[in-house]
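Here's the letter readout for the chains.
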Amino acid sequence: MDTNGFFGNWGGAYIPEVLHQTFQELKEEYARCRKDPEFWQEYLTLMSTYSCRPTPLTHAENLSRHFGGADIYIKREDLNHTGAHKANNVMGQGLLVKRMGKKRVIAETGAGQHGMATATMAAKFGLDCTIYMGEEDVLRQRPNVFWMEKMGATVVPVTDGSQTLKDAINEAFRDWVTNVDDTHYVFGTACGPAPFPEMVSWFQSIIGIEAAEQIVKYHGKMPRRVYACVGGGSNAMGVFKRFLDEDDVELVGVEAGGHGADSGAHAIRLSSPDATPGVAQGYKTMFLQDNDGQMKQTHSVAAGLDYVGVSPILSDLWEQKKVRFESATDDEVMAALDLTMKLEGIIPALESSHAFAGAFKEVGKLSKEDAIIINQSGRGDKDIFTIAHAFEDPSWKKFIIDRGKEYSSN
Amino acid sequence: MDTNGFFGNWGGAYIPEVLHQTFQELKEEYARCRKDPEFWQEYLTLMSTYSCRPTPLTHAENLSRHFGGADIYIKREDLNHTGAHKANNVMGQGLLVKRMGKKRVIAETGAGQHGMATATMAAKFGLDCTIYMGEEDVLRQRPNVFWMEKMGATVVPVTDGSQTLKDAINEAFRDWVTNVDDTHYVFGTACGPAPFPEMVSWFQSIIGIEAAEQIVKYHGKMPRRVYACVGGGSNAMGVFKRFLDEDDVELVGVEAGGHGADSGAHAIRLSSPDATPGVAQGYKTMFLQDNDGQMKQTHSVAAGLDYVGVSPILSDLWEQKKVRFESATDDEVMAALDLTMKLEGIIPALESSHAFAGAFKEVGKLSKEDAIIINQSGRGDKDIFTIAHAFEDPSWKKFIIDRGKEYSSN
Amino acid sequence: MQLEQQLQEKLETRDILLMTHIVLGYPSFEVNREVIRQMVNEGVDCIEMQIPFSEPMADGPVILKANQDSLAAGTTVEECFSFGAEMVQKHTIPFLFMTYYNIIFKYGEEAFFKRAAECGIRGFIVPDLPPEMGKTFLELADRYDIAPILIFAPTSTDDRMKQLSGYGRGFIYCVARRGVTGKKSDFDHDFDSYLARCRTATELPLAVGFGIQSKEDIDALKGKADMAVIGSRTIKLVATEGADAVGPFIAGLR
Amino acid sequence: MQLEQQLQEKLETRDILLMTHIVLGYPSFEVNREVIRQMVNEGVDCIEMQIPFSEPMADGPVILKANQDSLAAGTTVEECFSFGAEMVQKHTIPFLFMTYYNIIFKYGEEAFFKRAAECGIRGFIVPDLPPEMGKTFLELADRYDIAPILIFAPTSTDDRMKQLSGYGRGFIYCVARRGVTGKKSDFDHDFDSYLARCRTATELPLAVGFGIQSKEDIDALKGKADMAVIGSRTIKLVATEGADAVGPFIAGLR
Ligand SMILES: Cc1ncc(COP(=O)(O)O)c(C=O)c1O
Ligand SMILES: Cc1ncc(COP(=O)(O)O)c(C=O)c1O
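Keeping their order, the protein sequence lines are chains Y, B, P and U. Quick note: the first sequence uses my numbering, first residue 190, plus one each step. Quick note: the second sequence uses my numbering, first residue 190, plus one each step. Quick note: the third sequence uses my numbering, first residue 1462, plus one each step. Quick note: the fourth sequence uses my numbering, first residue 1462, plus one each step.
Because the hints were derived from the structure by calculation, they are not lab data. Cβ coordinates follow ideal geometry from the N, Cα and C atoms, glycine included. Just so you know, not all the hints are guaranteed correct.
[Said to hold, decoys possible] Each computed EDC-like pair below joins lysine to aspartate or glutamate, with the alpha-carbon atoms no more than 16 Å apart: (1) P:Lys1645 - P:Asp1678; (2) B:Lys531 - Y:Asp317; (3) P:Lys1596 - P:Glu1571; (4) B:Lys287 - B:Glu217; (5) Y:Lys586 - B:Glu595; (6) B:Lys586 - Y:Asp591; (7) Y:Lys586 - B:Asp591; (8) U:Lys1596 - U:Glu1570; (9) Y:Lys410 - Y:Asp371; (10) Y:Lys531 - B:Glu508; (11) B:Lys587 - Y:Asp591; (12) Y:Lys594 - B:Asp591; (13) B:Lys550 - B:Glu521; (14) Y:Lys587 - B:Glu324; (15) Y:Lys586 - B:Glu338; (16) Y:Lys587 - B:Asp591; (17) B:Lys216 - P:Glu1593; (18) B:Lys587 - Y:Glu595; (19) Y:Lys587 - B:Glu439; (20) Y:Lys594 - B:Glu595; (21) B:Lys287 - B:Glu214; (22) B:Lys511 - B:Glu439; (23) Y:Lys287 - Y:Asp317; (24) B:Lys406 - B:Asp559; (25) B:Lys586 - Y:Glu338; (26) B:Lys531 - Y:Glu338; (27) Y:Lys216 - U:Glu1593; (28) Y:Lys531 - B:Asp317; (29) B:Lys587 - Y:Glu324; (30) B:Lys594 - Y:Asp591; (31) B:Lys594 - Y:Glu595; (32) P:Lys1644 - B:Glu521; (33) P:Lys1683 - P:Asp1476; (34) B:Lys586 - Y:Glu595; (35) B:Lys510 - B:Asp437.
[As the list claims (entries may be wrong)] Partner residues are not named here, just some residues of chain P that face chain B (Cβ under 8 Å, in silico): (36) Phe1514; (37) Gln1529; (38) Thr1597; (39) Glu1600.
Please model the entire structure based on the sequences and the hints provided.
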């Protein structure tokens, strides 16, 4: 990151003047934390006593055998407290908020995982908490909404625009400019104005640091490839960062192919020509936008990937060809999820299932001597309404109908 | 355990002759595993690479401050893969099944957690899997049923008797006597015929072994008390075992008080005079039964505690006064759950919330110099239908009604 | 006269004996009474009367339901004793109690034996009480002269059968197959070699139960076993066609 | 004539100027045309025309909805330019474009400036473009003689204001309070000392915007600021009472 917050051509901090001062303070505090080894130590202690770090690296023997190529290892971010990698970032920012003395946090959320993590952190750190969530995502991720509220957070459904992640981000910014003095905006992914992309990636880098140590321990050497799904890009940056300078490790980001790259209904920013450079939500990156610069509707079965932009750091790595980007369609994702449940007894989140789907297309062609790591960013429990729906499970439907009738009648 | 499987006056193996031989083999294999240090090592490796062991011990600073007594530490079994301590037992038995060369597993489940864990293990180990679950519990724990099925297990709703855990156990035994040659019954708690109570406790003892090490590291000495909820007794045995010989550690088991100890609608076996010695489901313990020896209906808001019997090992420890037993009512449990979510950002399962409720009643009276451990046996996500229902959450109800209508209309 | 002796005597005139199974209080004691009358009339040699239990772990759907319905109708252990005593008075064939161990344990083992002996009950079948768990039970059986009926299963090893035989009195109940009561069994080659193993292991008469439904099944047992046990089949018959169907059915079995 | 000069001249005869805000294409260009006519008639001194953007991060509900509705009706950047050119032709007051940076960036910064200059637009307000991010933007503004309107906020430090002032031309837009457009502001003691800080930091005229709704609000600004900005208030007025309500409303402000 240069002093203006750019990574190559990407990034920056395109923020309203009201926020200027608070960003100054944030950048200074962040810089202090990065220099202070005690801060990272405090972070590690928190993550190993409140969440479950280091998370395991699981050898997926059955999937490996099934595809007959490289050995598949799964980095288990699903085992974090609150069920996803989002906790890494949020707990880190929580420590920062404590240092800055702010009393309230706000956050946007798509899949609800970042909202869950933030509500959790707020409960633990005794902060007020408001979560913005697109109305469509409120419906897709209802259980998460329920838990956030039970943990004392206020969840505000956002009915503007496409009612998904980007709109929640806009709304969170509106809150922030209003309540900037006592409020910190816990940005949920490696996007937004600097220093967020770098800061979020820093907290998430714990994933790759652990994974590198673990793979060498189990597999004896570095992996051939590392796969991660890419929404905003935080879990991808988290697992990639440590491997960036390893020559023989190829990094693969898997974007949301939705109904297909040619369908117009997807969220592919880097692995298709649909996106162009733009500036929105406080930063410059590749956006899915029309010729006038208006953001397009995106689509993914995974709420957490259903987003118009992507981390500026990833746009830079894409431009530098240091990370390869692919996509997986909704259908490929459901199939990958199904296979992973059946063969390994592991339920990846729909977001994470994109990384699995991406890896499954290629792993058979790799040598048996090699290993790959798939970053399982979260667990699929939160997606039960979407997954049960997508699989058209008849007994689930009957159960919901019966419950609905019961509730209607009293 | 004596050679007949008794702990003092309790336990034994009251099994049909068809199962005699398979129990012989099971006992021999179990004895071999206990003697073989490599087995435990293999178990530890599995649990640290597939699940998230050691699970953290979390210092609940806000709850501690709130009650103003001893420091509260929470042992985080909720962070296990599949969301509860049940995984410890199941993965251990899975290794045993592999050694015995059986191709199919069956299990009973109440809360669905043991079923989830068994279905997961079966997927990972490539075994056929059938799960028996009381019809009432199928309704209470619908999401778990869905996931078990997605992992390839057959879930059989049991419509006999009270349609809860004990009936699922009977039905699993009926399957076992029929398919004894290729099938292992993965008993889910520290009950049933010997060697199950001891074997399950052995696998679960990993909880207390870790917790003892952790509390000494964080608190500097042994805890004053350890709290666990008691359904069948496996998580309680798991966390208690290591502390049994520590003189100054008091062990407290919290049973399901349901609508109250005097209501007849509860599952209190040891901390009220309602239960009497009996023999059922293959073992001798304190059962909730009438004067003729017929089992009574039990009640708890927590499916996993809604059971007529209790571990024979706990009956023995109760008789020896080595463990104190208390109970918490449904209402106390919901309040404890609510407080824990709000203050710590942690969502205990309804079962585990009993341990919290039990501890909350007493912790304020202990010295600030002391610490207690509460065993959080599982996470509450699985209970969303029960918890949202119990809190009468209006937006949840609306959500379900709308979904139900949507499903009805097509 | 001891149960075994009684059966051996009958075996002098019959090539195979018949034992039937009823669940007490199901559908009612009234019907039990009538069913037993018809069974005895048609020459049944021995009857096991099941005292219902809420957790009949070794029983299949038919008998499970019978247990539950009987309990739901309010059947008590005391009523079962009275009814048993009445049957012993009324009929000359031996009557046994079949039940799960908790019924006995909860009543008090010795009290249960004493009361059953007073009623004239000749044997107990307790499917969840292996001899290892039944030390006092076996002593009391001896003391009260009530035959403890032990069970062989296809999974029992030769050694195990010998051991069981040592504890058994009256006869050995050979479970025809793995599984619970009620489903049809195959009386095939494997079954024959199982029965041969049973025969070698014990001097006691061999009763074969689980899934015997017809004259053919019984004929197939002749020369290999001493007694055929009809369980779920007649219970289902009573439920679907009434008590009066029992007599003709039994008559048709031999 | 440069924007600042133009405003300074007007200030010689008026104690406070009025700037109004419209969202282009909302509810339609037709209505925009009429609204602007009435505004100019009633003596508005300057008009900022917002080119709608799909992500108007700094705008409150009223203007947000106006952006969305305009886009939903199909408004394009090209139409905004044509309309802007038409207004400049028709009226003598200065017109500004307000928009978010992506609209400019995506069009091509230089192309955008060129086109706007051809249309006679006098200034740009870009709320998400701080000067640190606007190096080329500021150069182009200079080159094409279009005033880059910089923004002061209550959270800006004195140093920051000085720095911003150095980049600004035309006037400084002082955001009256924290928050987004549309909500009422308190013009209290804190506000006065904020405005005093603004005044000290720059020589440029001060426009105050965010939440100005009435004659009283404007009177309160007299002597402290040079221009009052009416934004959401008239947009809402048009939406609820139609374009014809604008003239009388503006007339009542002074
Ligand atoms: C489980 C999970 N994975 C991935 C993502 C995508 O975010 P990112 O690309 O920042 O990792 C989300 C976002 O909500 C998520 O919940
Ligand atoms: C989370 C959880 N805790 C506790 C229990 C009770 O079982 P046990 O007493 O064997 O720990 C269950 C049983 O299903 C459970 O799911």
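These are the hints, each one checked on the structure:
no.: 1; hint: P:Lys1645 - P:Asp1678; in the structure: holds (10 Å)
no.: 2; hint: B:Lys531 - Y:Asp317; in the structure: holds (11 Å)
no.: 3; hint: P:Lys1596 - P:Glu1571; in the structure: holds (12 Å)
no.: 4; hint: B:Lys287 - B:Glu217; in the structure: holds (14 Å)
no.: 5; hint: Y:Lys586 - B:Glu595; in the structure: holds (10 Å)
no.: 6; hint: B:Lys586 - Y:Asp591; in the structure: holds (12 Å)
no.: 7; hint: Y:Lys586 - B:Asp591; in the structure: holds (12 Å)
no.: 8; hint: U:Lys1596 - U:Glu1570; in the structure: holds (11 Å)
no.: 9; hint: Y:Lys410 - Y:Asp371; in the structure: violated (48 Å)
no.: 10; hint: Y:Lys531 - B:Glu508; in the structure: violated (45 Å)
no.: 11; hint: B:Lys587 - Y:Asp591; in the structure: holds (13 Å)
no.: 12; hint: Y:Lys594 - B:Asp591; in the structure: holds (10 Å)
no.: 13; hint: B:Lys550 - B:Glu521; in the structure: holds (9 Å)
no.: 14; hint: Y:Lys587 - B:Glu324; in the structure: holds (14 Å)
no.: 15; hint: Y:Lys586 - B:Glu338; in the structure: holds (14 Å)
no.: 16; hint: Y:Lys587 - B:Asp591; in the structure: holds (13 Å)
no.: 17; hint: B:Lys216 - P:Glu1593; in the structure: holds (15 Å)
no.: 18; hint: B:Lys587 - Y:Glu595; in the structure: holds (11 Å)
no.: 19; hint: Y:Lys587 - B:Glu439; in the structure: violated (47 Å)
no.: 20; hint: Y:Lys594 - B:Glu595; in the structure: holds (12 Å)
no.: 21; hint: B:Lys287 - B:Glu214; in the structure: holds (13 Å)
no.: 22; hint: B:Lys511 - B:Glu439; in the structure: holds (8 Å)
no.: 23; hint: Y:Lys287 - Y:Asp317; in the structure: holds (13 Å)
no.: 24; hint: B:Lys406 - B:Asp559; in the structure: holds (14 Å)
no.: 25; hint: B:Lys586 - Y:Glu338; in the structure: holds (14 Å)
no.: 26; hint: B:Lys531 - Y:Glu338; in the structure: holds (9 Å)
no.: 27; hint: Y:Lys216 - U:Glu1593; in the structure: holds (15 Å)
no.: 28; hint: Y:Lys531 - B:Asp317; in the structure: holds (11 Å)
no.: 29; hint: B:Lys587 - Y:Glu324; in the structure: holds (14 Å)
no.: 30; hint: B:Lys594 - Y:Asp591; in the structure: holds (10 Å)
no.: 31; hint: B:Lys594 - Y:Glu595; in the structure: holds (12 Å)
no.: 32; hint: P:Lys1644 - B:Glu521; in the structure: violated (47 Å)
no.: 33; hint: P:Lys1683 - P:Asp1476; in the structure: holds (6 Å)
no.: 34; hint: B:Lys586 - Y:Glu595; in the structure: holds (10 Å)
no.: 35; hint: B:Lys510 - B:Asp437; in the structure: holds (14 Å)
no.: 36; hint: Phe1514; in the structure: holds (7 Å)
no.: 37; hint: Gln1529; in the structure: holds (7 Å)
no.: 38; hint: Thr1597; in the structure: violated (12 Å)
no.: 39; hint: Glu1600; in the structure: violated (16 Å)
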